[in-house]
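Hints are included, so try docking the two chains, each in its own frame, into the full complex.
Protein chains in written order, with our numbering: chain A, 386 to 714; chain B, 443 to 1129.
No lab work stands behind these hints, which were simulated from the structure alone. Here a beta-carbon is modelled for each residue, glycine too, at the ideal position from N, C-alpha and C. There's no promise every hint is true.
Claimed, not checked - Label pairs and their calculated CB-CB ranges:
#1 B/E669 - A/G435: 35 to 45 Å
#2 A/G435 - B/E677: 45 to 55 Å
#3 A/E411 - B/T462: 44 to 54 Å
#4 B/L578 - A/V422: 50 to 60 Å
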Amino acid sequence: MAFSLREALNKNYLRWMAKNAPPRDEITLNRKNIFIVPTRNGLLFIFTSGLVFIAAINYAVSLAFALAFLMVSIFILSIFHSFNNLNQLTLSSRSTQDVFCGEQACFRVQLSRSPKRRHESLEINFPNSAAHPTGNSTISYTDLAARDTEEVGVFTVASQRGEFKAPRLRVLTRFPLGLCRAWSVVDLSLHCLVYPRPVPFSMNQLDSGASGGIDSAIKREGSEDFYGLRDYVPGDSLRQVAWKSVARGQSMQIKQFVDYVDNKIWLDWDMFYGFNLEERLSRLCYCVIQLSKAGNVFGMRIPGSEYPPATGPDHRKKLLRALARYGAE
Amino acid sequence: MELNYQIPRPALIWTLAAVTLVLLPQSIRMPIWISVVALLCVCWRALIHNGKLDYPSRRVRVVVVLFTLIVSLLQVRNIGIGLDSAASLLALGFVFKLIEMQKKRDIYVVISLCFVMSMVAFLYSQSVLTTLYVVLVITVTMGAMIALNRSSSAASYSGTARLAMKISMQALPLAIVLFIVFPRIAPLWAVPMQAGVNSTGVTNEMSPGDISQLARSAELAFRVQFEDEVELAHEQLYWRGLVLDQFDGVTWRRTRNSSSYSLAASLANSRVSYEDRIRTLGEPVNYNVILEPTQQPWLFGLHLADDVNDELFSGRNFELFNDGRITQRLSYDLRSHLQSQTDVLLLDSSRNRNLELPDDVNARSLEFARELRASVSTDREYVNSVLAHFRMNQYFYTLNAPLLGANRIDEFLFDTMAGFCEHYASSFTYLMRAAGVPARVVVGYQGAEMNPYENYLMVYQYNAHAWSEVWFEGEGWIRFDPTGAVSPTRIELGVQEALRDDPAFMEDDLFSAAIFGGVGWLNTMRLRLDAIEYEWNQLVVNYDEDIQLELFEGLLGEVTKLKVTILVATLALIVIVGIGFTVINIERRIQRTPINKFYLRVCKELAKVNLVRRKGEGPIAFRDRVCAERPEFAEAVTELTDLYVQLTYVEKSVSEAQKKTDLQSLKVVYAKLKTEMPVLAGLRRAG
Chain A
386 MAFSLREALN KNYLRWMAKN APPRDEITLN RKNIFIVPTR NGLLFIFTSG
436 LVFIAAINYA VSLAFALAFL MVSIFILSIF HSFNNLNQLT LSSRSTQDVF
486 CGEQACFRVQ LSRSPKRRHE SLEINFPNSA AHPTGNSTIS YTDLAARDTE
536 EVGVFTVASQ RGEFKAPRLR VLTRFPLGLC RAWSVVDLSL HCLVYPRPVP
586 FSMNQLDSGA SGGIDSAIKR EGSEDFYGLR DYVPGDSLRQ VAWKSVARGQ
636 SMQIKQFVDY VDNKIWLDWD MFYGFNLEER LSRLCYCVIQ LSKAGNVFGM
686 RIPGSEYPPA TGPDHRKKLL RALARYGAE
Chain B
443 MELNYQIPRP ALIWTLAAVT LVLLPQSIRM PIWISVVALL CVCWRALIHN
493 GKLDYPSRRV RVVVVLFTLI VSLLQVRNIG IGLDSAASLL ALGFVFKLIE
543 MQKKRDIYVV ISLCFVMSMV AFLYSQSVLT TLYVVLVITV TMGAMIALNR
593 SSSAASYSGT ARLAMKISMQ ALPLAIVLFI VFPRIAPLWA VPMQAGVNST
643 GVTNEMSPGD ISQLARSAEL AFRVQFEDEV ELAHEQLYWR GLVLDQFDGV
693 TWRRTRNSSS YSLAASLANS RVSYEDRIRT LGEPVNYNVI LEPTQQPWLF
743 GLHLADDVND ELFSGRNFEL FNDGRITQRL SYDLRSHLQS QTDVLLLDSS
793 RNRNLELPDD VNARSLEFAR ELRASVSTDR EYVNSVLAHF RMNQYFYTLN
843 APLLGANRID EFLFDTMAGF CEHYASSFTY LMRAAGVPAR VVVGYQGAEM
893 NPYENYLMVY QYNAHAWSEV WFEGEGWIRF DPTGAVSPTR IELGVQEALR
943 DDPAFMEDDL FSAAIFGGVG WLNTMRLRLD AIEYEWNQLV VNYDEDIQLE
993 LFEGLLGEVT KLKVTILVAT LALIVIVGIG FTVINIERRI QRTPINKFYL
1043 RVCKELAKVN LVRRKGEGPI AFRDRVCAER PEFAEAVTEL TDLYVQLTYV
1093 EKSVSEAQKK TDLQSLKVVY AKLKTEMPVL AGLRRAG
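Just chain B, same shape as in the assembly (with noise of 0.2 Å):
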């Protein structure tokens, strides 16, 4: 009795796979010695087992508790309240479960334990490999748990394993059906998310080297696709992120008034009234973005982007913002008007900032600057000639730009002449400026990859770019992008074309595009790979009340709750009984032999004669039977008998011949039978 509730060896082993599993994504973004912590406690439980170690006692349990308790507190002091945290806290009480778990019932806890921190893993990402991973890990718990209520010792892993996934399949219709018809609901309390993760993508300063950094990369930073079949050229692809307009000499910075931008962004707004800046020309592109979570509220849109849901917040510099932090795929609905004007009139407070440069450094530019703007009669000859002498000198485009001192514009301009395009932008702004022209520094990304399977583009990190916007009287703010000058591949081709050679380009990737993209069906599978991403993230990432209620609404016509209500519960039932009966293999009625079938007749013409075999009632108890309520067939009755069960129960798998003849026996006995049955039957029916 006692026995039973100790854990069998396979459970355990499947329960530590599970633990591990699940432990193994969220390894990566814990500190490290929880993982090591983690380590520790599998292998102590697996000691245990075989009996090299003792469960811990007491006193290390109070120790353990103790010390959990500091490390949380330390943890909310070092990185917040947030969703790091306390998934590394659950992941920590989890490992210390699993070492003092000695009963059955303590492992359905760390099995529920493994369900949540799968749970967790969706937290962070809800990619394709994420959900596919989690089904292994609910696969091997649900070993674990099969594991653990098999008392055979002969059932196999393979077996176990086999049991596990085919329940996991059969439990996928309900949960698909469930997923799609059950009615979603808005959040019960706001939530906070993790304030510690490191942002990813082009960020709010822009110092040499920043983007270079993100060049190196090839991760995806977001996907797009318009509406309507337009196409874009290459050049035209700029994604503006953000406008910085501050430049202390090293570090372009954007102006903050207050700690928010969403509260930055209204400000704003309320002085001067959005529409009164821009004049909107040409037709609008419609197109949707679906951002990768970098950690920052900023968004990516072409020029002019308008938020079609009114969902976004505009910035002071036509830049958009979410509300919050994205942590999580983000997608939304964008249209832009690519020919309009943005800020006619300048106020006086703007071009004052847009004018700003550091006092005492870069002596030399600030002369060339105003050497060569007396050369010219306008601002835009100005702008010209500048990008005419990025274009005529001995400028280089890589990433690997030598390092720059205190006078960097200077030294860049006239001593390395090499660098990356925040090199270009940042010197062609400060030229600007120092002419007395206004300008400021826009970063976010250029160009793009076509995805031809699903139609969308796809823009990576190494898209990372920063060009200028310069101001011109009557025009307003016109993008130039020195880059181009120096580089036109970048802007026409894209960066894998223009950095074909530079062995830092995506270095930090393994498998990346560019490596991809040398082999043909090596490129095929990758851009099929996140086509199906993509279609993923649409159809199941994206499902929302929004469309849920569209898909409604195309059922039912008006939605009411009755009819989610009758909806729902009828398709559910649909599915569970659809379910219930490929579980429940029916029993098929026994598949009848002739000699079955035979006997079967002679009870039929037995029970005319008032000699009714009674349900359930075996041949042998029959035949006793009949031999005590009328012993004049009991000759008969019992040669059949004997020979019946002689042929159906004791002799099997006989030859068809065999068969033919066993039958034939049996009828020459039945034969005599009958001789006796009519007489009896007269005989009744004279009596």
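Just chain A, same shape as in the assembly (with noise of 0.2 Å):
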């Protein structure tokens, strides 16, 4: 009942905030948007207020009472001074780097000020809410007192390949005198798109699979580069047998050189066959990374679209971006 009901009043506010804090790509905090409530220190603290006020009270000392006053005129004054820390301070949004599903995606978020203003002890993270039930992430701290800007980011883990928004990025702050919180929860719209989790395996099981394999794609025995090690047979030529380990006391081996005939290989949709989708775009999203490190041409047909063969870091960018967005058109 009590969980119940918490979800609907969590329900209600992110509601609520999606009526009143659209999503914008730069936004200045003011009294709209800014809350305070005192936090447990705080709390103490008026309890002390309460306890010099009780004993002002009782032993009828003039200047306890006015002990008592100050504190609570203190309490007031912070809770006026944590509101203009964040008053007037100005938030937007930076362009953010693709991740992998699994990993931190960063965030990049300006923070600025108007040249008057001091913001200090500025705590910005994405709190934990219902609708990404991922935990709080870490908290990133920042001042805004010698510059007028500052860049920060703020983490998350990206748990869900495709489109990946980002929660409301919360901006707090308990400064000057700890007693209270406030705190403004903004939508900067920040997004980022999360690439399939890669899938490490050992592609040499593609030699099996269906045609369009990797190594379809290799002449055997050729002398460019060096692809593994097979028993000596007699007749192999000594300049192949790998000296080294017959030094370690192995047995003789034959260092197996091969040439690439045909670079162009091509990653298809059914070599994957039998595994599920997210497993499948895993699996491929790893042959992308592995076969762009080493600098093949390579080609990818997924159900839809087909990439013609090229290399680089822009074809990479290009394969693993539509491997992100599969399915989601």
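Below is the structure:
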């Protein structure tokens, strides 16, 4: 019951937030979007002022009354000061790098101020919410004291492949006295593209797979690239014997070299027959990474689109993005 | 993440400073070993921070808790449950918390205790100096709070201090308003004040040397302000304290029938009614006394002082008592009939008490008194001849009286012949009783110093005095001061004048009134400072329910709960809003340069042809949109916008002349744009 109530409240809160704090690229904080509540330390402080007040009553000490009132007004002032520490702070989103699923996505947020103001001890993170149950993300700390602008990276785990919309960002401050915390939850429409999670596997497996596998592009027995070792068969050239392992006391082995005759490799959706969608994408993703690392020229065919063989970082990015967006349309 | 819960170095230094400051005044009253423990704890914490020592282990903490328990039990046994033991315990717990404070949250406990300890400081003293000191302590404590929440290591100590001061200054107005208007509440339950504090001032016993001890102190005893511009001569200012009527050969004591002064007073009053015992003559004098804490219940006033507000108790011998010891400055209003007579009819019990003498000592004095009494006819003549004896012979008024043996009165009267007022009062009273004249010793203060800035009198401890009261048939108790016979200066001009050359006078005080008195501007400063203290006391320390009620009545007429609530709420709201506006500096509208204004005019023109710049749309975004929507403007708008952006955002701090030419070049581009616009606008309208 309590849980459902909480959920309902949360839902209402989110709806309210969506209505009142629509996503924007640049948001300036003001009295409409800053919230303030006392911290636990603030409550302790108020409790202490109550103690002083009771002592003042009982001992009838005039200045103890004054002290209690001073504490209360310090508390009220701390509300103003905390508010002021966020007021007129401008947040704007910066471009975000694509990430692989399961990695930390780093959203760049730029904070700027008007030169007359100072904003200290700002804590920025993605708070836990019903929409993003990944838990509180790591807090990034920053100050806007010396410079007018400051760029902060805010991290959260990208847990799902595809277009990732970051949760609402929370800017929080306890400055100056730590008696209350002022915060604002803003939607800077931070988003990034999440590639499938690469799943490593031995690419040799593909040998026995469908045509168009990697090894089909290899002509055996060449002299260009080292491929592997095999057992010595009488008649092999002695120049190819792996003498180092013989010296270690192992049996004689022959170094195999291959020449890549047809470097135009095709990655095909059907190479991973039997895997489900995400697993296929993950493996394809791994292949793309590995092949571009090796500098191969390769193409990719996935249902609905075909990417002709090419190489280089742009090609890699194009393919990864295609994998990330697969199924989204 | 974990690191953030650690205490930053500046915060620790601020906290240790605040703790040291808050314990410093307390250390005077605490047992010395607690101060030592406190100092050790502060050092320990500092060393923990430097990595030289570790946090206390579990075993150490258990030992510390046991230790504190034992100490608290001992404290209660030694000095009783009271403010002192509570304050010491609080201090102990406070410093122990210090060494085990590891996280930010722990610091807030220490900070809260700092505020509680500041409150304790006010329980002991509410002087201007204490107040300023507490303000300093609070500012440092706030510095600790700020340093704790400040992440930037660049933030300097002076910056933190400035912010702390700023916040405390901003907090003051609201605190003052609340202080004035927030309804005061009567004490919820009785609290025991301290029993173990050393009492100051005149006591209910007088042995030789007691009063001369007081004369070494320049501490203020009380302040007095007369109503209606009454001015009394110095020799009239006898501040009556207690009547001592029991003598054992060494010490004069006050006779008590029961343990409680107030009870004794009420019992005595019931036997013979108060009105029957006095005969008031002349006009009364009204005055207000502000007594410094004495830790004793008795009060001081002029002859036959009568409590105006009916809050005090009157003793059997017209002494005044407070209900309970005076641990705080006490202000009371009195009315005195200076010419009135008391106890014209003396009860036998009272007569006998005032004639009692110890047996078997001071035979010479006894003999001397009887002979002298026999030589004159009336009691009054006898008194005069005794005073004449003091005046004619080589008696000295001095603080350094020689030590006396078993027959004190004899030795003083006939051998040493040098002493302070207690010697004279004591021997004079003895001589009276020896001759069968009822007499008693009165202790209190004599004289005062005028503060010309606020027109009130200051009575110091060195004004402490002892004199005698002698009973005459048909006249009642009459005051006689044998000291006046020996040293008339003492009574007419004051003790400073009488003891000007006595090195022992006020020797306890380095910066005494006597030394200040010699230097003109120093003395002015001393009087001014005391005047401030007096005003402070009148305005702030004495501010209570009654004064508040008067204030409310002045403001609101008839006082009702609703009216007071509305008053408090409105005033607090006004002040809070006022402070809010000063703290939250509202953003001014951006100053517009001519170039800015010009650009806005261009935008207005463009709006006429349905190219409205959206709210928050930057010039470049606007340019791109215009180019997309109306390619025919593209060239001119692009040129204009680029120039504008160049002038406003890229080139800064150019000379005035340069700015003018910039504007000129903008206008040229605008002219180009304008040639195209009307045509278009016309086309639109036609279409």
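Unsatisfied constraints (hint numbers, rising): Hint check: 4 fails alone, others pass.
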